[in-house]
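Chemist: Taken in order, these protein sequences are the chains called A and B. Sequential numbering of the first sequence, starting at 1, is according to the working numbering. Sequential numbering of the second sequence, starting at 246, is according to the working numbering.
No lab work stands behind these hints: they were computed from the structure. Backbone N, C-alpha and C fix where the C-beta goes; we use that ideal spot for every residue, glycine too. Incorrect hints may appear among the rest.
As the list claims (entries may be wrong) - In silico contact screen, one side only, chain B against chain A (beta carbon under 10 Å); selected entries:
{"id": "1", "residue": "His252"}
{"id": "2", "residue": "Lys541"}
{"id": "3", "residue": "Leu544"}
Claimed, not checked - Here are the simulated SDA-like pairs of lysine to any residue, each with C-alpha atoms no more than 20 Å apart in a straight line:
{"id": "4", "chain 1": "A", "residue 1": "Lys136", "chain 2": "B", "residue 2": "Arg251"}
{"id": "5", "chain 1": "B", "residue 1": "Lys541", "chain 2": "A", "residue 2": "Lys136"}
{"id": "6", "chain 1": "B", "residue 1": "Lys541", "chain 2": "A", "residue 2": "Arg75"}
{"id": "7", "chain 1": "B", "residue 1": "Lys541", "chain 2": "A", "residue 2": "Lys222"}
{"id": "8", "chain 1": "B", "residue 1": "Lys541", "chain 2": "A", "residue 2": "Lys138"}
{"id": "9", "chain 1": "A", "residue 1": "Lys136", "chain 2": "B", "residue 2": "Lys321"}
{"id": "10", "chain 1": "B", "residue 1": "Lys476", "chain 2": "A", "residue 2": "Lys222"}
{"id": "11", "chain 1": "B", "residue 1": "Lys541", "chain 2": "A", "residue 2": "Arg83"}
{"id": "12", "chain 1": "B", "residue 1": "Lys476", "chain 2": "A", "residue 2": "Ile70"}
{"id": "13", "chain 1": "A", "residue 1": "Lys138", "chain 2": "B", "residue 2": "Lys345"}
{"id": "14", "chain 1": "A", "residue 1": "Lys136", "chain 2": "B", "residue 2": "Ala313"}
{"id": "15", "chain 1": "A", "residue 1": "Lys138", "chain 2": "B", "residue 2": "Glu324"}
{"id": "16", "chain 1": "B", "residue 1": "Lys541", "chain 2": "A", "residue 2": "Leu78"}
{"id": "17", "chain 1": "B", "residue 1": "Lys541", "chain 2": "A", "residue 2": "Asp69"}
{"id": "18", "chain 1": "B", "residue 1": "Lys345", "chain 2": "B", "residue 2": "Leu374"}
{"id": "19", "chain 1": "B", "residue 1": "Lys541", "chain 2": "A", "residue 2": "Gly16"}
{"id": "20", "chain 1": "B", "residue 1": "Lys541", "chain 2": "A", "residue 2": "Tyr15"}
{"id": "21", "chain 1": "A", "residue 1": "Lys138", "chain 2": "B", "residue 2": "Ala317"}
{"id": "22", "chain 1": "B", "residue 1": "Lys541", "chain 2": "A", "residue 2": "Ala71"}
{"id": "23", "chain 1": "B", "residue 1": "Lys321", "chain 2": "B", "residue 2": "Ser338"}
{"id": "24", "chain 1": "B", "residue 1": "Lys541", "chain 2": "A", "residue 2": "Arg14"}
{"id": "25", "chain 1": "A", "residue 1": "Lys136", "chain 2": "B", "residue 2": "Leu254"}
{"id": "26", "chain 1": "B", "residue 1": "Lys541", "chain 2": "A", "residue 2": "Glu167"}
{"id": "27", "chain 1": "A", "residue 1": "Lys136", "chain 2": "A", "residue 2": "Pro74"}
{"id": "28", "chain 1": "B", "residue 1": "Lys541", "chain 2": "A", "residue 2": "Val17"}
{"id": "29", "chain 1": "A", "residue 1": "Lys222", "chain 2": "A", "residue 2": "Glu167"}
{"id": "30", "chain 1": "B", "residue 1": "Lys541", "chain 2": "A", "residue 2": "Ile70"}
{"id": "31", "chain 1": "B", "residue 1": "Lys541", "chain 2": "A", "residue 2": "Arg57"}
{"id": "32", "chain 1": "A", "residue 1": "Lys138", "chain 2": "B", "residue 2": "Ala257"}
Said to hold, decoys possible - In silico negatives: residues of chain A with every beta carbon more than 10 Å from chain B:
{"id": "33", "residue": "Ser41"}
{"id": "34", "residue": "Ser97"}
{"id": "35", "residue": "Ala111"}
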Amino acid sequence: MHESVVRFENVGMRYGVGAEILHDIRFELAPGSFHFLTGPSGAGKSSLLRLVYLAHRPSRGLIHIFGHDIATAPRDRLPLLRRRIGVVFQEFRLLDSLTVFENVALPLRIAGIDAEEIERHASELLEWVGLGGQMKAKPSTLSGGQKQRVAIARAVINRPSLLVADEPTGNVDDDIAVRLLYLFEELNRHGTTILIATHNDSLVARFEHPELHLLDGELTLKPRRPGPPGARQAPSGRTLQDEAP
Amino acid sequence: MTIRRRHPLPFAADPGRRFVPWLIALVVFLAALALAGLMVLADASAKWDRGLVGVLTVQVPDTARADAAGRAAQAKRVEAAVRTLRSTQGVASVRALDAKETAALLEPWLGDGAYVASLPLPSLIDVRLDAGTRVNITGLTGLLSSEVPGTTVDDHRRWTDRLVTILRAIEALAAAVVALVALAAVGTIVFATRSALAVHAETIELLHIIGAPDGAIGSAFARQALWLGLKGGLIGLIGAVIAGAGIAVAFARLPAGLLPAVTLTPIEAVTLALVPLTVAAIAAVTARMTVLSSLKRML
């Protein structure tokens with residue numbers, strides 16, 4: 001039996017001395033699984049994701065990431081765990097002082113990969129997402145869709161075991177949102193565990209993945225729901241740059 | 246495509262980048278001047294404290310006879326004292342002051358009236374000792390008195406003792422100034438680093454989430470603080486050297502006497518040159534500790 005990639009046990013979370021916004025959260029993500037995290041705006045999806053990608057400490061409960069209890073893991077171990085998690089932020093969070101290439105290469109630089117390898121990987125990935133011609137551009141000069149592709153490239157460049165995306169389709173139209181989901185599915189087929197927070201119900205309905213539903217700080221697991229006919233007919237091998245703007 | 250090693254933290258946009266070097270320059274300027282003053286005063290007070298001023302004044306009392314025979318007798322007494330002094334070990338030079346020179350010394354108090362020459366003034370002998378020589382004043386006084394009764398020897402100890410006390414107090418003050426400016430440097434860097442942390446909070450969190458170790462983020466801030474510290478420190482040191490040289494020139498123009506010479510030994514000069522490096526190191530360590538303590542509040 002494989003160890004869970006993520007396991008939450010009775011996790012509660014509050015910011016500072018404010019009211020608890022997540023209550024008794026329990027769930028597990030098996031290796032290679034694909035889950036949506038749904039719920040209305042303000043339900044606590046982003047907060048839950050912050051716990052998953054180790055940006056915040058829970059107020060109570062246990063969190064295991066890749067089998068490590070984060071409450072007892074040595075502090076110098078946490079960066080190594082974080083490097084196995086790719087994060088796509090809702091607002092991209094690209095660094096405007098760096099070029100597109102430097103933004104994408106950042107996780108590899110932090111991981112101490114040698115310059116030659118960084119150059120090869122980042123260039124290939126940027127070509128793959130259709131931004132090979134804009135490696136030296138600054139993020140501020142890119143469109144929303146282009147920024148999104150840079151953010152995704154940065155999240156996947158070090159081949160994460162877990163990919164967490166917070167409303168990755170929030171800034172794009174439905175067509176591009178669907179294509180993005182195909183990209184995530186492709187990553188999932190290569191073994192990456194995926195957790196995507198979205199409040200786009202039509203998108204969730206279109207893909208047959210289980211749903212973690214968050215409402216008023218409480219989480220429930222909704223089983224996989226079948227998508228509408230034709231929903232899974234994305235041609236395999238198509239990549240994001242084929243269709244994204 | 247070549248990777249640039251540009252750091253993800255855009256320190257160039259920091260609000261403190263402009264004013265921190267100048268604040269550090271001021272801190273280093275004050276610290277270097279205080280330290281230089283401390284070293285010069287310490288040298289002088291140590292010298293005086295050990296009674297190694299190197300100057301003695303011998304007074305041969307007047308015979309109280311104003312006639313030619315009296316003057317001749319006094320000249321013989323002075324000559325005898327000079328002879329004795331010259332044969333004393335450690336004496337570098339002996340020079341008897343003539344009546345005019347003695348009168349000139351008294352001029353500030355007695356004026357330049359002709360009556361000064363008629364006063365029964367003692368004859369003065371200026372004695373310079375070999376560098377670092379200590380002379381037994383009591384023994385020398387006894388020896389001279391046996392040759393020329395009434396002769397006294399003044400090693401200026403009475404007032405150099407008071408001077409040493411004052412200098413020790415000034416030294417303590419200068420040491421306190423050095424300590425305070427070091428604290429000011431720490432405060433400046435803590436403030437600047439916290440401002441930079443606030444400015445770069447989002448970037449720091451992103452680096453943290455991507456997997457940057459605390460030490461790497463802390464080191465980036467430390468390097469930045471070190472660079473700003475070195476830049477400011479160099480400016481401050483140059484300012485202090487110029488100011489110190491000005492003071493040294495002004496001191497050198499004064500008549501030679503007991504004023505301390507504004508000179509530094511090679512070790513003291515190196516110590517002074519270490520001030521900006523020390524301040525820059527303090528800045529780097531402070532920045533790193535500030536960042537690490539801030540990061541520890543994150544998971």
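Chemist: Would you mind marking each hint as holding or not holding in the structure?
Modeler: Here is how each hint holds up against the structure:
no.	hint	in the structure
1	His252	holds (9 Å)
2	Lys541	holds (8 Å)
3	Leu544	holds (5 Å)
4	A:Lys136 x B:Arg251	holds (13 Å)
5	B:Lys541 x A:Lys136	violated (35 Å)
6	B:Lys541 x A:Arg75	holds (9 Å)
7	B:Lys541 x A:Lys222	violated (37 Å)
8	B:Lys541 x A:Lys138	violated (31 Å)
9	A:Lys136 x B:Lys321	violated (98 Å)
10	B:Lys476 x A:Lys222	violated (61 Å)
11	B:Lys541 x A:Arg83	holds (18 Å)
12	B:Lys476 x A:Ile70	violated (42 Å)
13	A:Lys138 x B:Lys345	violated (87 Å)
14	A:Lys136 x B:Ala313	violated (104 Å)
15	A:Lys138 x B:Glu324	violated (93 Å)
16	B:Lys541 x A:Leu78	holds (12 Å)
17	B:Lys541 x A:Asp69	holds (18 Å)
18	B:Lys345 x B:Leu374	violated (24 Å)
19	B:Lys541 x A:Gly16	holds (15 Å)
20	B:Lys541 x A:Tyr15	holds (16 Å)
21	A:Lys138 x B:Ala317	violated (100 Å)
22	B:Lys541 x A:Ala71	holds (14 Å)
23	B:Lys321 x B:Ser338	holds (19 Å)
24	B:Lys541 x A:Arg14	holds (18 Å)
25	A:Lys136 x B:Leu254	holds (18 Å)
26	B:Lys541 x A:Glu167	violated (28 Å)
27	A:Lys136 x A:Pro74	violated (38 Å)
28	B:Lys541 x A:Val17	holds (18 Å)
29	A:Lys222 x A:Glu167	holds (19 Å)
30	B:Lys541 x A:Ile70	holds (14 Å)
31	B:Lys541 x A:Arg57	holds (11 Å)
32	A:Lys138 x B:Ala257	holds (16 Å)
33	Ser41	holds (21 Å)
34	Ser97	violated (4 Å)
35	Ala111	violated (7 Å)
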